Every structure is written in C-alpha cells, then in structure tokens.
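Enquirer: Sequence:
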Amino acid sequence: KRANRSVVLGKRYLFTDAKESVIADANEKGERIVHPYLDLIRNSTDFSERDFWYHISTYLDLEGVYYLMAVRAVSPSGRVGHIQKFSMLNPYNVRAVTNPKGEIGGYIEQRNGLQREIPKEMIIPIRLFNPFDPSKPYSLADAARDAQFTMKQANDFAREAIDGNLNSPGILSSSIELPEDQFDNFVERVKYHGRGEPLFGNGSGALSWIDMQTDLDKAALDKINSISRDALLAVSGLSKTGVGVEESGTGREVSRTQKDDFTENAVMPQVENIIDALNLDYRKCYTDEYKKTEYNIALDNPLETDRDAERADVEIRREQFALMQEALNAGYSYEVASKYARGVLNITDLGAPEEKAPEEPEDSEDTPEEPEETPEETPDEPKEQSSTAYKGYPIPVLQYLAGYEVESSTEEGSVIHSTHELDINSPVRISEIKETENKLIAEIDGGTYIELGKVSANADKPAVLAKLNKRYRNQLVAIKNKLDEAEILQEAVERAEDNLFDEYLKDSPDASRHIQELSLAFTVYYTALFPTYAAERARQTAKELDRPVRRVELTDRVRQSIQNFSFREAESHINTILMDLENAKASGKPLEQAFEEIKARRAPAIAENAAARVLSFSRYEADLQVLAHEGLLDKAYKELHSLTGEPCEFCKALIAKGPIPFVDNFVDKGTTISVDGKSMDFDYEDISAGNVHPNCNCAYRLVIED
1 KRANRSVVLG
11 KRYLFTDAKE
21 SVIADANEKG
31 ERIVHPYLDL
41 IRNSTDFSER
51 DFWYHISTYL
61 DLEGVYYLMA
71 VRAVSPSGRV
81 GHIQKFSMLN
91 PYNVRAVTNP
101 KGEIGGYIEQ
111 RNGLQREIPK
121 EMIIPIRLFN
131 PFDPSKPYSL
141 ADAARDAQFT
151 MKQANDFARE
161 AIDGNLNSPG
171 ILSSSIELPE
181 DQFDNFVERV
191 KYHGRGEPLF
201 GNGSGALSWI
211 DMQTDLDKAA
221 LDKINSISRD
231 ALLAVSGLSK
241 TGVGVEESGT
251 GREVSRTQKD
261 DFTENAVMPQ
271 VENIIDALNL
281 DYRKCYTDEY
291 KKTEYNIALD
301 NPLETDRDAE
311 RADVEIRREQ
321 FALMQEALNA
331 GYSYEVASKY
341 ARGVLNITDL
351 GAPEEKAPEE
361 PEDSEDTPEE
371 PEETPEETPD
381 EPKEQSSTAY
391 KGYPIPVLQY
401 LAGYEVESST
411 EEGSVIHSTH
421 ELDINSPVRI
431 SEIKETENKL
441 IAEIDGGTYI
451 ELGKVSANAD
461 KPAVLAKLNK
471 RYRNQLVAIK
481 NKLDEAEILQ
491 EAVERAEDNL
501 FDEYLKDSPD
511 ASRHIQELSL
521 AFTVYYTALF
531 PTYAAERARQ
541 TAKELDRPVR
551 RVELTDRVRQ
561 SIQNFSFREA
571 ESHINTILMD
581 LENAKASGKP
591 LEQAFEEIKA
601 RRAPAIAENA
611 AARVLSFSRY
621 EADLQVLAHE
631 GLLDKAYKEL
641 HSLTGEPCEF
651 CKALIAKGPI
661 PFVDNFVDKG
671 TTISVDGKSM
681 DFDYEDISAG
691 NVHPNCNCAY
701 RLVIED
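My numbering numbers the first residue of the sequence shown as 1 and each following residue consecutively.
These are calculated hints, taken from the structure and not from any lab test.
In this text, all values refer to a predicted model and were calculated from it rather than measured experimentally.
Some hints here could point you the wrong way.
Cross-link-like lysine-lysine pairs, in silico, DSS-like; alpha carbons within 30 Å at most [what the hints assert, rightly or not]:
1. LYS291 to LYS29
2. LYS657 to LYS635
3. LYS439 to LYS19
4. LYS391 to LYS284
5. LYS339 to LYS467
6. LYS120 to LYS101
7. LYS29 to LYS391
8. LYS467 to LYS480
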C-alpha cells in the first residue's frame, strides 16, 4: 500500500494515503497521489513550507488554538468551492462569534485598527483539547504556567538581592564607649574622610565592621529553580540534554533515547494535531471526493525502531513467499498456496493438494550426500525464434547465490520459452537447472525452458548448479500470461541496447562518462525546464481570460502532459546520439573522437532544434487545457506566423492559409507539401504548434472570436 507515497514538504515521513484501488491504479499508471491540501502548502507564494508548520506549532504551544484561513467560495446554502490558497492568521487577532447556544457563526479578525468578518466555512480551527473546560483551548504555556511563574519569582528575588547589595549599609562599632563629643568627632571622621585614605586612631580600642549585604548564594534559590525547571521540561516533553544542559550520567545512547522520546511524544503528536484538522476539513467539506479517493494526510514514524519494523516486515514477506513455493511444490494451486501463505486459509481449510507432490528419493547409507558429477553432453540451447513465450512469476535466484558472480534476469519476472502451447492456468515444473554457454537454463521439458541469467566465467559453476538444483528442482512456476510478438521484440531490443552499451564501454574507457553526461543534460533539460514553463504559461493564460479557473488543477495537468512528452523527447535524442556512435564505430572512427564531435556540434544542434519544438508544444498544451476548461475551444483559432519575418517557402504556404481551428493540425503526419518544384515530407509527427521543420522560427498566434 505504501509503495505509492508522495514525499512532500521536505519531510521524508509525511505522505498521502488513499483507497487501495486508487493506489493500485496510480501505481499502474506510474503516477504519484498527492492530497490537494499538500499541493496548496507546497505551491504557496505567501509563506514557505517551513513557516506553515513552524508558525502553527508555535501558536498552538502559546495559545492552544490556531485559525487557518482557507480562501474558497461559499454559497448561501453553505456549500464551498475548492480552496484557492491558505492564509496564515495570528490567533491573537481572531475571535469566534457564537450564539447563546455556543454555536459558531463566524470569525472576526482585528488588526491595525481594521476589522473584517470571515465566514466560518473559510476557517479551519486547530485546537488542543482542554480536559478541564472543553469549550476553551489548553496550551503548553497553560500547563507550564505555575513552573514559569515560580521561576520568574525566584529570578526577580535574585535580581532584587543583587540591586540591594550594590548600596547596602553596614555597622561600624568600637570596643570601648566614647564620650559623646569624641563619638561625634569619630563619626564625622569616618563619614567625611577621603576615599582610599587610611583612618588613624590613637587609642587602644578595637573597631569592628558588620555588613548588611544579602548572601547571594542563598538568594539564588537554585533548588526552587531546579524543581521548576524540571516541571517545565516535563510539560514540554524535553530533557536537560535536549536543551543543552549538561547532566552527569547522560551518555550518548541515553541522549539519543531522550531525543527519540521527544520526537515521538511531543513533535509527532503536534504534527498529527495539525494534519488531523486538515483531514477533518477535507472529509467534512468535500465528502463526495473523499468517498471516491479517501485521501488522508498521514505521518510515518521517523524513528529507527520503525525502520526495524519495516525490515522485519520484509523478512515476513520473504517467509510468506517461501511458504507459498512449498505449497506449490506440494501440488496446491497458485490461488490456494498464496491464500495459505497470507493467512487467509488456515491449515484445516487447506484440503488435499490438487496434484500429487513429487516423491524425493530416500537417502541410503550407500548413497553419498553429494552425487559425483558425471560428464554429459551440453544440450543445445532451444531456439527462441521457433518458440512461444509466456510471462511467469519471479524466480529470485540471487538470494541463494551469495558470493557467486551471477547476473540474474528473473528477480522481477521470468520468461518461459516453449515449442508448444502451454495452459496459462497450469503452472510448469522445473525438472533441472543446467548451464549452457555461460547461461543458466531452468529446463521444464524437452521443448520448454526458462533462462535464469548469466554465469561469470570465473564463477564456481558446479557449486552454483548444486545450490540452485537443491532449491528449485521440482519447483512450480505459475504462468501470468502469454507474451505477444511486440513484447518479445521489445525485450530483444532492450537486450540489444544493453549489448551496444557494453560494446561502447568495452571499447572506450571514457564512454560511460560521456554517455551519462549527455543523457543527464537532455533529461534534466526536457523533464524539468519545459514542464515548469508550460505550467507558468497555463497560469498566465488563465489570468488573461480573467475567469475563475482552478489554476492548481490546471497547471498540474499541463505539467504532467508536458513531462510525458519531454521524457519521450529526451529518450529520442539520446537514441539519436547512440546511433551516431554506432555509425562512427562502423566507419572505423575512434569513439573518443566521435564523442568530442557530438559534444561540440551534434548535441547543441539537437538541443536547439528540440528546444524550440518542446517550447511550442508546451505553450500549445497549456492553451489547450485552459480553453477546454473555459469552454472556448469552439471559438478558438490559431494562425502560423514567422518570428523573424523571413519564413521559408513551405512556411509561407502554411501562413497563407490563415486562421484554422485551434485543435486542427497545420500539417498532418504523412503529408507532403510541394512548393516551386520542391517537396517536404512530414513523417515524424503532426505539426500542431509551429516549428514546421528543423531550425524553423515559426510559431502560432492564438485568436479567440468575440
């Protein structure tokens, strides 16, 4: 189910969940499912993705409630349109308007002396539960109020003690009682003597000084602060190590555990509070869409313990597969074996096998554990051209050949070759695994076999065969479907391309680097630049029409269409480069020289010509989507014009035709245009957006009837 997971918002563990059927359909089409709210957050021009999550979380900690404004149309009956964008509000400036029954009628925002009313349908409230009064929010700041107040009082006391000590008085006394006139004289001498000057006396009496300063060690109230700090950390879910306070006895592992606890007990619940509010709004306001897709924003646990759980899940699936294979070997059908492996059928419902399981020969004392190999003639490999091919289920041989140099071709699916027709409802049984011309062959019968892969020349072939025969001899392989000639041809082409790459890599050490260089440039150029341009063009066209267009949906459709087209373009031109390399090799030209010529001359020419074509196509696709969405296709026309003012003779002939319906082609594929005794064949594609021929500087102009 999680094979299709939309990674968004820079958060690796936030994804869109949906119905099983929706996910299966998306996987089959190779598409990503994305919750519409996540697209609004990701594509917002008013705030960044980090600001969205950070600001909401901060206000929830301080106030316990956040009001997220969803800008959408609201009908008098209360029905709402699709959200155009999210707006971040300050909850301190927003108050809910309620009736005497406590029902919310709307919201009022007051800011900078101004006030506006907001319909209740445009606010998504995110509220933390208050166990003491459900009608009021309860924030982290509320829970930590007592600890914060105590720490503030202790700190105020310490500050006042420091301020008081700066000018605190003291008591100066003598050991004898002086006459009044002498005492007055002594006081005057002490009060008015100069700073830093000694005070002299001519008697034998001793003087003593008692200061009246507060002992700052006692004023610090460290125990009170420590208790309040611990309470504050407990409320916030943090630890001393988490806030940078060094604590004796806290090692690296304990610190990591504290960090994981904070993530699981504080961060994740906060994020779940936010996404739960978004999911509730989607279910409540767009019930029909939710019933179709069951879109939900979900949060995966980012802790290492969950990764361990996923690894354990993989091991369980591997054991299920092994159990299913054992059931197939015992003679049960594929459907029964798979249900038993998944636990749908228990052992009492399993019943007897449909086929008799093959009997294993009994071991005897005279029979050695490993039979000695006897030389035998290597059978000729069956000829593929006279056989019929079937698609079979995977045969994962690599997991049993650790340490052997074997290239497997059946990890994700096998191809069964047979000289006679096979029943796709009946699995075939492997009789023996052999090695022929460095290829592993799983022989079914005299005319049926499965090619498992290639064996390296320096591999221990007897050991490879012994392991595979021990595991897969008498193994049943279920058949999915019969392969048609197109699929067989496609596989042959792919194998030929792989062989071609191998030849290039073998002949030129730098070939790999050059091919990767060119492939990366074309792929990035087409799949990133032009989808972005097309989406921007769609937004501009929608704005020019001045109509309420759902721009997010529109630009997504345009981007997907252009991306599919761009992938084909990139692949086409990479194949062109490979053909150039093949021709260079056939002519005897060094591949290093051919690469340099392609990089300097051929690749820029291909890129320049294709860039103009894809640019025009992306604009055409964007205009087509907008016009179709607005119902203007029957009023839309296009006319060809030259961007330089100097069109060629063929383009002049097309320009002279004037405006044509927007959905028509300027030239259909397979057409030939003749001008002044010269002709041009159009056998590559339909010309619908300009760029009539290579290096053409013509485009179309959109015309809409009033």
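Enquirer: It remains to establish, for every hint, whether it holds in the given structure.
Expert: Going down the list of hints, with the structure as the test:
For the hint pairing LYS291 with LYS29, the CA-to-CA distance comes to about 21 Å; that is within 30 Å, so the pair holds. Only pairs whose Cα atoms come within 30 Å are accepted, and LYS657 paired with LYS635 is accepted, the gap being roughly 18 Å. For the given pair, LYS439 sits about 43 Å from LYS19 by alpha-carbon distance, which is inconsistent with the 30 Å threshold. A threshold of 30 Å between alpha carbons decides the hint, and for LYS391 with LYS284 the separation of about 46 Å lies outside it, so the pair is violated.
Using a Cα cut-off of 30 Å, the hinted pair LYS339 and LYS467 holds, with the two alpha carbons roughly 28 Å apart. Between LYS120 and LYS101, the direct Cα distance comes to roughly 16 Å. Compliance with the 30 Å bound is thereby established for this hinted pair. Taking the CA atoms of LYS29 and LYS391, the gap is about 20 Å. The hint holds against a cut of 30 Å. This hinted pair checks out: LYS467 and LYS480 have alpha carbons roughly 26 Å apart, not beyond 30 Å.
Going down the numbered hints, you'll see the structure goes against 3 and 4, while the others check out.
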